[in-house]
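These protein sequence lines are chains A and B, in that order.
1 is the number of the first residue of the first sequence in this note's numbering; add one for each residue after it.
1 is the number of the first residue of the second sequence in this note's numbering; add one for each residue after it.
These are computed hints drawn from the structure, not numbers from a lab.
Bear in mind the structure is a predicted one, so any value in this text is a computation, not a measurement.
Heads up, a few of these hints could be off.
Said to hold, decoys possible - Straight-line alpha carbon distances no greater than 35 Å define the calculated DSBU-like cross-link-like pairs of lysine-lysine that follow:
#, chain 1, residue 1, chain 2, residue 2
1, B, Lys82, B, Lys122
2, B, Lys127, B, Lys112
3, B, Lys82, A, Lys73
4, B, Lys113, B, Lys82
5, B, Lys51, B, Lys38
6, B, Lys51, A, Lys140
7, A, Lys73, A, Lys112
8, A, Lys119, B, Lys127
9, B, Lys101, B, Lys82
10, B, Lys127, A, Lys170
11, B, Lys6, B, Lys76
12, B, Lys127, A, Lys169
13, A, Lys165, B, Lys127
14, A, Lys119, B, Lys38
15, B, Lys101, A, Lys63
16, A, Lys63, A, Lys73
17, A, Lys73, B, Lys113
18, B, Lys101, B, Lys122
19, B, Lys112, B, Lys82
20, A, Lys119, B, Lys82
21, A, Lys112, B, Lys6
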Amino acid sequence: MKRKTIGLVVVVGLVFALSSCGSKTKDADIKVAAENVLAADPACSGLHVTINDGVATITGEVKDEATKTMAQKAIADVKGVKSVENNATVAPPPPPPVVPSATETEAAALTKAVNDAIKDYPGVVATVNNQVLTLTGEVKKADLQKLMMSLNSLKAMGLKSIDSKGLVKK
Amino acid sequence: MALQDKYKALVDAANTSGVNNLQVREQGGVLYIDGNAKGNVKQQLWDIYGKLDPDYASGDLMLNINSVAGVIDGSKLKVTTKESNLNIRSGAGTDFPIISKAARGEIVTLVKKENDQWWVVKTDKGKEGFAFTQYLTPVES
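Isolated chain A (complex conformation):
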């Protein structure tokens, strides 16, 4: 008798569980399939998908509009997906470089301008590499500000930064 009762409870419980969680289980399966689709494409690595009653919602960020459209089509093709809500956002383009890269002629002009600027500071040694200036040697503390002022203005000629850690200030 006791055994029968337990059996009945289990059966009833199972039926109850299946009927109430049926769509959720299905959504979870669709989600797994949809996530696999996204995972297959590195361009979609910034995307997430949720499924609710067969409706897929895409969120996250992609690099362009084409990727966003492509992700929507791919998710729509997943078995069990009834419709797709595409809430993915397109990342803004990166800002243009503050200091544009220089041609060989421009790099040579920059090196020349640097050498002109340090001409009156005999102890100062300058090397320019990839538009970055490295200062070594030594300079009088009193002259440092004026030297740095004129070197900073060379940003207009393509100078990106100045490394003066190796410059001794007397």
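Starting from the known structure of chain A, fit chain B onto it as the hints suggest.
Coordinates of chain B only, in the frame set by chain A:
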């Protein structure tokens, strides 16, 4: 935004002291501050810079304040060399021969801005040639 915090006092001063075309941008670990301002404003900003970053040694700021952007052709310029005379050359570069000299403190006239480093100037004696702008200070009228 860490650099904007480090140099906040400088950026604030640039904003309040009327720097024209002020641009503040951070990229690749360097804060770029560009703009045009009068010589005394440039000096004040550089003094603030020196307090925030002693000896200007961090290498994380490019302070490009142009104090001569508004100087027009025909303006009077004072020769502000350290002690020597100002070389006037036949072209824009120290590799061009010296064709004349202007004494420290002498007033010359701006003929043309060749670029930000070299201007064509004319002395009162009528000698004309290229001089390094670092040693020319506009005479405030």
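So which of the earlier hints does this model not fit? 3, 7, 10, 11, 12, 13, 15 and 17
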